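2 protein chains.
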Amino acid sequence: MADEPLTSSPSAPEAPRRDDPAEHLAKRVEELPSADAATVLGELQSDQAAEVAEALDPQTAADILAEMDATLAASVITDMQPPEAATVLQYMDPDDRVDILEHVAPDLHDRLVGELKPADAADVHQLEQYPPDTAGGRMTTQVTALYEHITVDNAITTLRQLSKELEQMFYVYVINRHRELVGVLSMRDLILADPQTHLSRIMIRSVRSVPASMDQETVAQLMRKYGYLAMPVVDHNNRLLGLITLDDVIEVLEEETTEDVQKLFGAGAEERLNSPWHFSFRSRVWWLVINLATAFLAGAVVGIFEGTIQTLAVLAVYMPIVAGMGGNASAQAMAVAVRGLAVGAVDKKLMRRVLIRESIVGLLTGIVIALITAAVVLLWQGNPMLGVVVGLALVINHTLACSTGAGIPFIMKRLGFDPAQSATIFATTVTDVGGFFAFLGLATLFRSWLMQ
Amino acid sequence: MADEPLTSSPSAPEAPRRDDPAEHLAKRVEELPSADAATVLGELQSDQAAEVAEALDPQTAADILAEMDATLAASVITDMQPPEAATVLQYMDPDDRVDILEHVAPDLHDRLVGELKPADAADVHQLEQYPPDTAGGRMTTQVTALYEHITVDNAITTLRQLSKELEQMFYVYVINRHRELVGVLSMRDLILADPQTHLSRIMIRSVRSVPASMDQETVAQLMRKYGYLAMPVVDHNNRLLGLITLDDVIEVLEEETTEDVQKLFGAGAEERLNSPWHFSFRSRVWWLVINLATAFLAGAVVGIFEGTIQTLAVLAVYMPIVAGMGGNASAQAMAVAVRGLAVGAVDKKLMRRVLIRESIVGLLTGIVIALITAAVVLLWQGNPMLGVVVGLALVINHTLACSTGAGIPFIMKRLGFDPAQSATIFATTVTDVGGFFAFLGLATLFRSWLMQ
Numbered sequence: 001m002a003d004e005p006l007t008s009s010p011s012a013p014e015a016p017r018r019d020d021p022a023e024h025l026a027k028r029v030e031e032l033p034s035a036d037a038a039t040v041l042g043e044l045q046s047d048q049a050a051e052v053a054e055a056l057d058p059q060t061a062a063d064i065l066a067e068m069d070a071t072l073a074a075s076v077i078t079d080m081q082p083p084e085a086a087t088v089l090q091y092m093d094p095d096d097r098v099d100i101l102e103h104v105a106p107d108l109h110d111r112l113v114g115e116l117k118p119a120d121a122a123d124v125h126q127l128e129q130y131p132p133d134t135a136g137g138r139m140t141t142q143v144t145a146l147y148e149h150i151t152v153d154n155a156i157t158t159l160r161q162l163s164k165e166l167e168q169m170f171y172v173y174v175i176n177r178h179r180e181l182v183g184v185l186s187m188r189d190l191i192l193a194d195p196q197t198h199l200s201r202i203m204i205r206s207v208r209s210v211p212a213s214m215d216q217e218t219v220a221q222l223m224r225k226y227g228y229l230a231m232p233v234v235d236h237n238n239r240l241l242g243l244i245t246l247d248d249v250i251e252v253l254e255e256e257t258t259e260d261v262q263k264l265f266g267a268g269a270e271e272r273l274n275s276p277w278h279f280s281f282r283s284r285v286w287w288l289v290i291n292l293a294t295a296f297l298a299g300a301v302v303g304i305f306e307g308t309i310q311t312l313a314v315l316a317v318y319m320p321i322v323a324g325m326g327g328n329a330s331a332q333a334m335a336v337a338v339r340g341l342a343v344g345a346v347d348k349k350l351m352r353r354v355l356i357r358e359s360i361v362g363l364l365t366g367i368v369i370a371l372i373t374a375a376v377v378l379l380w381q382g383n384p385m386l387g388v389v390v391g392l393a394l395v396i397n398h399t400l401a402c403s404t405g406a407g408i409p410f411i412m413k414r415l416g417f418d419p420a421q422s423a424t425i426f427a428t429t430v431t432d433v434g435g436f437f438a439f440l441g442l443a444t445l446f447r448s449w450l451m452q
Numbered sequence: 001m002a003d004e005p006l007t008s009s010p011s012a013p014e015a016p017r018r019d020d021p022a023e024h025l026a027k028r029v030e031e032l033p034s035a036d037a038a039t040v041l042g043e044l045q046s047d048q049a050a051e052v053a054e055a056l057d058p059q060t061a062a063d064i065l066a067e068m069d070a071t072l073a074a075s076v077i078t079d080m081q082p083p084e085a086a087t088v089l090q091y092m093d094p095d096d097r098v099d100i101l102e103h104v105a106p107d108l109h110d111r112l113v114g115e116l117k118p119a120d121a122a123d124v125h126q127l128e129q130y131p132p133d134t135a136g137g138r139m140t141t142q143v144t145a146l147y148e149h150i151t152v153d154n155a156i157t158t159l160r161q162l163s164k165e166l167e168q169m170f171y172v173y174v175i176n177r178h179r180e181l182v183g184v185l186s187m188r189d190l191i192l193a194d195p196q197t198h199l200s201r202i203m204i205r206s207v208r209s210v211p212a213s214m215d216q217e218t219v220a221q222l223m224r225k226y227g228y229l230a231m232p233v234v235d236h237n238n239r240l241l242g243l244i245t246l247d248d249v250i251e252v253l254e255e256e257t258t259e260d261v262q263k264l265f266g267a268g269a270e271e272r273l274n275s276p277w278h279f280s281f282r283s284r285v286w287w288l289v290i291n292l293a294t295a296f297l298a299g300a301v302v303g304i305f306e307g308t309i310q311t312l313a314v315l316a317v318y319m320p321i322v323a324g325m326g327g328n329a330s331a332q333a334m335a336v337a338v339r340g341l342a343v344g345a346v347d348k349k350l351m352r353r354v355l356i357r358e359s360i361v362g363l364l365t366g367i368v369i370a371l372i373t374a375a376v377v378l379l380w381q382g383n384p385m386l387g388v389v390v391g392l393a394l395v396i397n398h399t400l401a402c403s404t405g406a407g408i409p410f411i412m413k414r415l416g417f418d419p420a421q422s423a424t425i426f427a428t429t430v431t432d433v434g435g436f437f438a439f440l441g442l443a444t445l446f447r448s449w450l451m452q
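Chains A and B, in that order, are what the protein sequence lines are.
Those letters in the first sequence? Residues 1 to 452, per my numbering, in order.
Those letters in the second sequence? Residues 1 to 452, per my numbering, in order.
It is worth saying that the hints were derived from the structure and are not from the lab.
Any given hint might turn out to be false.
Stated by the list, open to error - Once the Cα atoms are required to be at most 30 Å apart in a straight line, the calculated DSBU-like pairs of lysine-lysine come out as: (1) B:Lys349 to B:Lys413; (2) A:Lys348 to B:Lys413; (3) A:Lys27 to B:Lys117.
What the hints assert, rightly or not - Computed far set for chain A versus chain B, every beta-carbon distance over 12 Å: (4) Asp20; (5) Glu30; (6) Thr308; (7) Ile309; (8) Leu450.
Predicted, not measured: the structure shown is a model, and the values here were computed from it.
For glycine and all other residues, C-beta sits at the position ideal for the given N, C-alpha and C.
Given the sequences, and given the hints that come with them, work out the whole structure.
Have a look at this one:
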């Protein structure tokens, strides 16, 4: 770019723009904290972000990409020159590196791993043994482990040497010569202990750990519930493999929340605000097709009563009201149930109590809404019997809506599914089908009274 | 209970049940970790839980109640004898105590605070200055602060004395004699430093703090983004007031997520799985009344076309399909937008890109759904023109649904509202009104072709 011929105007106002814009942006980005720089890069198209990343020094680029959403960072890495991408990956923490590589296409993945140092490549292979949503897939391998037979004095000297590499260090894990986790010490315990004591004498032996195969959400809930700052991860022989820290927990919880919310609404768990349109299209269209099938179910119920509608077209005016209000009541009950299940445990007794409570709430909100609606019907259409039919249908549909809205997530969880996944599809099908059936069925039953 | 007359049967199998069940449960609960005990208590009715809490020793009860959801713990406290409740509160950390007191009725609140030690009551008053959803309302006042002029050696001796009181201690904050925050030290810095150095020489001066008035969600996002483990809270004179730790952040994020999800579905932010039915009823019914107004809007649109429906009752079969599919497409777009806005920043450029992308996705999913639906219409009703009308309405409604579903949360945030609050109500109104208008309008326009 720099050796392009100059344009004729010597004082061209565009002159500064002739610099490589990527370099220009790189210079501004490297002055930001890496989390902010990650936000800036995240808003660019991935090919532009890749150019900026190539213009940065590899350590800075590594810090920034590690702060980005892994799917996003992977698309930047994919758009970089492979040797440069490998260099940047080389500068990352092992867990961040694997998180990103996991989202890169298989052949590029292998090529990039091939360009890493042999030790780092081996590390990638080790971490990739564990699925990304498990403790093993989420942990960092940078964990401070000391042998039980050394003294406090030795321990402090070792920590002093390690301290440059290890950013976060609250607990020191103690292992025996088989690398089995046998105890834990806080930095405070070390400060307060006699320098000549052996670690095995002062360590806390009841150290809690999780197996590498444990689901990341279970680990996060465990750490959140008991307030652990860090949790050591072990293999099936109790050998220390790595560490999960509280900021991983926050990431896991946010990820899971995003997944829950998006699944609840039928958008894929993986979609983000800056996903390309074809990704969104592919992940959403299937859900819509499934929904179409259930929508036809509701349509078919209406079809049964086509004759009644033919004679009483005004019913069509109240169809969306009955079905829609049921859908809303159901959504309210479902939101509370899904959140309750996300942060707590499922329990038969609780479920029974929730179902009873929801039936009461459904009945009562149904009555309130029915009374208002009946009044409006009377004023608008001047047909008291229509008011009664719409009102009754609303009460029935609200009661049905609240109990199924709360019940479906419980049943999903009981059956081992995600309580959020597809819960709305079942719930709205119930309120649509139930609402139309109740409303149009009652209208057919009382047809002669309705036709004043 | 113990001096009730015995029944005639001397070997009555119910004999063990004659013990006070609260006492019995208290004995079992006190052996559990307090987080688990909190779960057990949370599943009881609040008056039963209060009896159990009274049967426990005050420290254990305090630990357990501190682990419970604050609204739940407050209802237990309310059901306890006030002197016993005050004793339990006395044993709590200042921030937990205030969290619970905040949810207690004003007169009981004042009575309980009156029974606290004067110093603790003063503490409550100080913390209550700050609204509960701010840094000041969320912080703990138990923060390790040392004066800048003392030596490392002195610091370690002081920490040794404090270590029993202060459970979590990663950073030591350094203050000057006006209690202004001037620096920070990690425990590691202290271990590695020369014992005779003054803290002012080794402390990190660029310590980041937040004002007590800052919104808790802003603090949480800040700490999450930059990976801070703890954040000191200061008053407007930069005097150290307290500390927010990473587990507070997790709590805040979970609370805010629950609020977001529940607001999105129109259930109140405060409702929980074990809220009493009258609480759920009161918080939900208003939203449903508002929804009823918008449902009538959709009904009114249908009303405009009553004549068309009279002649073509089959249209009523496709009304729920057109409106419902639009609602689903809108919900997908909205879920991605709401989550994106919850974890990231709003930006005009991003918004434009999202809107363009959503219009493309809406158009394409609309076309796919329209083609399938048109094929079904042809097979089911044998009316190709009806297929065309339903299909066109679906394409229009999908495009409208995706752009408004994503756009509404952006606009809400721009205007300074919560992007989740009431977003669904606007979005479904748009898809209902838009869907019915497009579908029934097109049907009216092509009425003569539809009536084969």
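Cross-check of the supplied hints:
At most 30 Å may separate the alpha-carbon atoms for a hinted pair to count; Lys349 (chain B) and Lys413 (chain B) meet this at roughly 15 Å. For a cut-off of 30 Å, the pair hint linking Lys348 (chain A) to Lys413 (chain B) is broken: about 40 Å separates their Cα positions. Simply put, Lys27 (chain A) and Lys117 (chain B) have alpha-carbon atoms about 58 Å apart, too far for the 30 Å limit, and the pair is violated. Consistency note on Asp20 (chain A): stated as away from chain B, and its beta-carbon is indeed over 12 Å from all of that chain's, at 21 Å minimum.
The Cβ of Glu30 (chain A) lies farther than 12 Å from every Cβ of chain B, with a closest approach of about 17 Å, so its non-interface assignment holds. The claim that Thr308 (chain A) lies off the interface is violated: its Cβ sits roughly 9 Å from the closest Cβ of chain B, which falls inside the 12 Å cut-off. Consistency note on Ile309 (chain A): stated as away from chain B, yet its beta-carbon is not over 12 Å from all of that chain's, at 4 Å minimum. With a cut of 12 Å on Cβ distances, Leu450 (chain A) stays outside the contact zone with chain B, its closest approach being about 15 Å.
Hints 2, 3, 6, 7, counting from the list given before, are not met by this structure.
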